[in-house]
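Peer 1: Just so you know, the protein sequences line up as chains H and X, in that order.
Convert by adding 5 to the 1-based position in the first sequence; the result is the number in my numbering.
Convert by adding 79 to the 1-based position in the second sequence; the result is the number in my numbering.
Hint data in this document are derived by calculation from the structure and do not stem from the laboratory.
Keep in mind the model is a prediction, meaning the values are calculated, not measured.
Heads up, some of the hints might be wrong.
Unchecked claim - Each computed EDC-like pair below joins lysine to aspartate or glutamate, with the alpha-carbon atoms no more than 16 Å apart: (1) X:K205 to H:E93; (2) X:K185 to H:E139; (3) X:K185 to H:E95; (4) H:K142 to H:E271; (5) H:K99 to H:E69; (6) H:K99 to X:D192; (7) X:K185 to H:E93.
What the hints assert, rightly or not - Examples of chain X residues lying across from chain H (beta carbon under 10 Å, computed): (8) E103; (9) G108; (10) D159; (11) C176; (12) T181; (13) K185; (14) G187; (15) I188; (16) T197; (17) M199; (18) S201; (19) V210.
What the hints assert, rightly or not - Here are some chain H residues the structure puts well away from chain X; computed CB gaps all over 12 Å: (20) V35; (21) E39; (22) C51; (23) I158; (24) G253.
Using N, Cα and C, we set each Cβ at its ideal position, and we do this for glycine too.
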Amino acid sequence: MGIKVMVVDDSPFSRMMIGEVLTEGGYQVVGEAESLELLIETYNSCKPDVVTMDIAMPGADGFECSRELRLNDPKAKIILVSSMKDEESEAEAKRIGISGYVQKPVDGETLLQVIKNIMSPDSLFEQLLERGLETFKEALAQNVTRMAKTPVIFSPIENSSTPYISQGITAVIGIIGQSAGSMIMDLSVESAEKITEAMLRRPSKNREEVLAMVSELANIIAGIACSMLNKRDKAFALRVSPPSLFHGNTAEIVSPSVKIQRSLAETDFGSIFLGVGFKKGSKLWM
Amino acid sequence: MDVNIINPILAAFTEILPQIGFQEVTKKGISVVGSTFDYDGVLINLAVVGSTKGVIMIGMDLDSAKRFASKMMMGMEVTDFDDLAQSAVSEMGNMVCANACTQFCKVGIEGLDISPPTLMISQGGKATLPVPQTIVIQFTVDNININVYVGLM
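Using the sequences provided together with the hints, build the complete structure.
Peer 2: Right, dumping it as structure tokens:
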């Protein structure tokens, strides 16, 4: 069965033009909407694979409609089709999670190519799924061994969807790039104190020193792992945020929009949880 | 306190929340705390990378988070802060922060991107941001209290 497309545009002429391009290209136009009204209802009833979305519409614009669609279905694949195309509109589209951007007047071949690319597997994302966690494990093992002089052995951990409960101190690092993601590193206060002592060659003076060590270690692991991945393919274009730390009472850690792959590093000082996850990136901008 | 940091966040809240079913967004106060603060309930962590770096966190107690999720889901009853409720509030965090990046661009802070949200759920938790000072903006949104913690450098 062909790929199903829904067209959102306030202009009947534009809907007809885009519809003809799609039909000629072998795609099936399964629904149309001219505004936010009936958008979600139509989407849910016709279940399209891809939605083309105008930006300038009376009432809610294409960004607002796209947010509503993504709220209704976080996996919705949306292509903005608009005469407006500037740097900030593109940046906002990417942040909302829009998959592609085609400028009006629509060039049929370009639109068909963008849809084809969106519907094909994302090879960079697939590589990150395959290589991501292994690379972060390598970075963790190398640096914990070098800095704290302890061997590191990874033990299998169930990659279940159940929430992870912190052992004591959690570092969360945001990853930006072709595919955005997160790295979560978590260990007990006791393990963190022992690692700090091994690194400083004296006991830590206070909790701040221990937190600073966890922050620095997470920063180094994420930075090195992302550099290793970028060297493998510069198209990943990964960059990391500084770490946020969470401590105090036990916390549950959840990443609703990213599937976190988990691993547990066993060291002489206790175990270090490592979680890494990426979400699919934007496919094509034309 | 840097208005170039505060105003885009205010603008993002006032622009996005009415789009997802909230009528009244009121700023209750602004304060500055150190890098570490206590939280009870839910804290949504969104990292920011670009010409400025850091993190934006959105916090609310568990009861507020359930009420917030319920409102986002057209009044559906939310008794547990389950997967669906977690997904709803994290999507709100994502939308507000994505819009904040657009607002930052308008005041000359360009090229920002955000990470996917991570949720921390705890009673008596502590968060330490990678900056010496955290700006805290208190909102009420349809009588639900929300704290936004901004740590950008």
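Peer 1: State for each hint whether it applies.
Peer 2: Hints versus structure:
1. X:K205 to H:E93: At roughly 35 Å apart (the allowed maximum being 16 Å), E93 of chain H and K205 of chain X break the hint.
2. X:K185 to H:E139: violated, 40 Å
3. X:K185 to H:E95: Distance of about 14 Å is within 16 Å: holds.
4. H:K142 to H:E271: holds, 12 Å
5. H:K99 to H:E69: holds, 14 Å
6. H:K99 to X:D192: holds, 9 Å
7. X:K185 to H:E93: holds, 9 Å
8. E103: Interface hint status for E103 of chain X: violated (19 Å vs cutoff 10 Å).
9. G108: At 23 Å from the nearest chain H Cβ, G108 of chain X fails the 10 Å test, so the hint is violated.
10. D159: violated, 12 Å
11. C176: holds, 8 Å
12. T181: holds, 5 Å
13. K185: Constraint on K185 of chain X satisfied, holds at 8 Å.
14. G187: violated, 12 Å
15. I188: Violated: closest Cβ of chain H sits about 12 Å from I188 of chain X, beyond 10 Å.
16. T197: holds, 5 Å
17. M199: For M199 of chain X, the interface hint holds, since the closest Cβ of chain H sits about 5 Å away, which is under 10 Å.
18. S201: At 4 Å from the nearest chain H Cβ, S201 of chain X passes the 10 Å test, so the hint holds.
19. V210: holds, 8 Å
20. V35: holds, 25 Å
21. E39: holds, 18 Å
22. C51: The assertion about C51 of chain H holds, with a minimum of 21 Å to chain X.
23. I158: Non-interface label stands for I158 of chain H: nearest chain X Cβ at 27 Å, farther than 12 Å.
24. G253: violated, 3 Å
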